[in-house]
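Chain by chain, the residues:
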Amino acid sequence: MLWGTIEERVINLNNARQVSAVREFLSRFSLTFTEQVDYTIALYKEETIVATGSFSGEVLRNIAIDESLQGEGLTSIVVSHLMQEAGRRGIYHYFIFTKPDKAHLFSALGFKEVGRADPYAVLLEAGMGSIDLYCKEMAARTAHLPPGKRAGLVVNCNPFTLGHQAVIAKAAKENAAVVVLVVSEEGSVFPFDVRFSLVKQGLAEYDNVVVLPGGKYIVSAATFPGYFTKGDETVTAQTRLDATIFAQHIGPAMGITRRYVGDEPYCLVTKAYNQAMLSILPEYQIEVLEMPRISVHGTIVSASRVRELIRQEGWEEIRNLVPDTTYQFLRSSKAVPIIEKIQASITRH
Amino acid sequence: MTSITKTAQAGTLESSDVMITVAPGTQGSGIVIELESIVLAQYGEEIKAVVEKTVKTQEVTDIYIKAADRGALDCTICARTLTALSRAGAVLKEEML
Numbered sequence: 002m003l004w005g006t007i008e009e010r011v012i013n014l015n016n017a018r019q020v021s022a023v024r025e026f027l028s029r030f031s032l033t034f035t036e037q038v039d040y041t042i043a044l045y046k047e048e049t050i051v052a053t054g055s056f057s058g059e060v061l062r063n064i065a066i067d068e069s070l071q072g073e074g075l076t077s078i079v080v081s082h083l084m085q086e087a088g089r090r091g092i093y094h095y096f097i098f099t100k101p102d103k104a105h106l107f108s109a110l111g112f113k114e115v116g117r118a119d120p121y122a123v124l125l126e127a128g129m130g131s132i133d134l135y136c137k138e139m140a141a142r143t144a145h146l147p148p149g150k151r152a153g154l155v156v157n158c159n160p161f162t163l164g165h166q167a168v169i170a171k172a173a174k175e176n177a178a179v180v181v182l183v184v185s186e187e188g189s190v191f192p193f194d195v196r197f198s199l200v201k202q203g204l205a206e207y208d209n210v211v212v213l214p215g216g217k218y219i220v221s222a223a224t225f226p227g228y229f230t231k232g233d234e235t236v237t238a239q240t241r242l243d244a245t246i247f248a249q250h251i252g253p254a255m256g257i258t259r260r261y262v263g264d265e266p267y268c269l270v271t272k273a274y275n276q277a278m279l280s281i282l283p284e285y286q287i288e289v290l291e292m293p294r295i296s297v298h299g300t301i302v303s304a305s306r307v308r309e310l311i312r313q314e315g316w317e318e319i320r321n322l323v324p325d326t327t328y329q330f331l332r333s334s335k336a337v338p339i340i341e342k343i344q345a346s347i348t349r350h
Numbered sequence: 022m023t024s025i026t027k028t029a030q031a032g033t034l035e036s037s038d039v040m041i042t043v044a045p046g047t048q049g050s051g052i053v054i055e056l057e058s059i060v061l062a063q064y065g066e067e068i069k070a071v072v073e074k075t076v077k078t079q080e081v082t083d084i085y086i087k088a089a090d091r092g093a094l095d096c097t098i099c100a101r102t103l104t105a106l107s108r109a110g111a112v113l114k115e116e117m118l
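Read top to bottom, the protein sequences are chains A and B.
The first sequence maps to residues 2 to 350 in the numbering used here.
The second sequence maps to residues 22 to 118 in the numbering used here.
Next comes chain A alone, as it looks inside the complex (with noise of 0.2 angstroms):
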């Protein structure tokens, strides 16, 4: 019987001689282990691991089990005490991401598909919230809007510029009426909710734009980690899932049918992201519209542009860069500890 010889054991990732015995562990499934987790718990049978897995967030990741004890039951071992060490941490909405021939394991424990991108990933969640929920919340929050032609656009906005402004901006001209989704993932150097009021603010004017959070499905932890965590070989699969579930689940949900991006002559990430666009939405009928970005006195106007010159104080510069509303915010004190940070870091993002 298998049951009394197996052990539970949670992962001291302080210990460089535990956490090395799970990298090698994850390295004979070509998965690699990043420190990045929050708690990590192997099975061991005779001191020697046979199962392991992560949570980082509502993400549970790095899950593996040994090739001789696979259908013993271990994956449901696993997963089981991995939610529930999150559920005592308040978390309660979980995601896995794997590869299509093993979604079935996690299927049958309840875990239900929220995107697939053949042949490379398959997203799936489990517990509280769900994408159906979440779609029809976001029906509900842009029902007021007018009826036609309706775009969506997708924005990090670290911080927002007049080159976004532009862009919303002949969107809003083009179409009845604009959904801007603001990345709602922490993970870049400007917080959340100073990037989501700098974007309402400078877009105050447009009475046809309803800027919102844009939740857990997009570009987040969840369908598109990569975005944070950079040089990952996996972008691929990322982008095709979080355009996969744009197009399937969240533009129908909210009436989308013309999605607006601004072209990436820099950050490879973004680039990779636009093209899994214009290769994904169409089949979906949506239209995808790249736009070019604008310069002033002929510089591209973008935030990585912004960063650089708060990171060489120039102010006067980034004056002609940003709109008034984000100037104003960043020579205000709430500016003052995010501008050390970009001072004291090198990161593009």
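Wrong hints could be hidden among the right ones.
Said to hold, decoys possible - Below are the DSS-like pairs computed for lysine-lysine, each with C-alpha atoms no more than 25 angstroms apart in a straight line:
{"id": "1", "chain 1": "A", "residue 1": "LYS150", "chain 2": "A", "residue 2": "LYS201"}
{"id": "2", "chain 1": "B", "residue 1": "LYS27", "chain 2": "B", "residue 2": "LYS74"}
{"id": "3", "chain 1": "B", "residue 1": "LYS77", "chain 2": "A", "residue 2": "LYS137"}
{"id": "4", "chain 1": "A", "residue 1": "LYS113", "chain 2": "A", "residue 2": "LYS217"}
{"id": "5", "chain 1": "A", "residue 1": "LYS174", "chain 2": "A", "residue 2": "LYS201"}
{"id": "6", "chain 1": "B", "residue 1": "LYS69", "chain 2": "A", "residue 2": "LYS113"}
{"id": "7", "chain 1": "B", "residue 1": "LYS27", "chain 2": "B", "residue 2": "LYS69"}
{"id": "8", "chain 1": "A", "residue 1": "LYS217", "chain 2": "B", "residue 2": "LYS27"}
{"id": "9", "chain 1": "B", "residue 1": "LYS27", "chain 2": "B", "residue 2": "LYS77"}
As the list claims (entries may be wrong) - If you want the ones that stay clear, here's a sample from chain A, every Cβ over 12 angstroms from chain B, calculated:
{"id": "10", "residue": "THR6"}
{"id": "11", "residue": "VAL11"}
{"id": "12", "residue": "GLU47"}
{"id": "13", "residue": "SER69"}
{"id": "14", "residue": "GLY74"}
{"id": "15", "residue": "VAL80"}
{"id": "16", "residue": "ALA144"}
{"id": "17", "residue": "GLU175"}
{"id": "18", "residue": "ALA177"}
{"id": "19", "residue": "SER296"}
Simulated from the structure, these hints should not be mistaken for lab results.
Computed from a prediction, not measured in an experiment: that's the story for all the values here.
Glycine included, every Cβ here is placed at the ideal spot set by N, Cα and C.
Let chain A serve as the given structure and place chain B on it in line with the hints.
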């Protein structure tokens, strides 16, 4: 009738068990049960009935319940539901010994 104050869960996804998650519902929503089960076609209604009866016995209402069932027996379903209710802040009618 009372309602619960927070979200809580009980149980596992192991075979023959059920994981029950309960959350406060909006006022007037009553008892809403969403069930996932490997035996949904055969026993779906019966499982829901057991959950509902357990919640009603405790005089709890305006509650959203998610049950992920892996073939649990009625007594297991009842026990997991009671534990979830108690963790969610409901004062159980009978002390469980």
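Which numbered hints are broken by the structure, listed smallest first? Violated: hints 3, 14 and 15.
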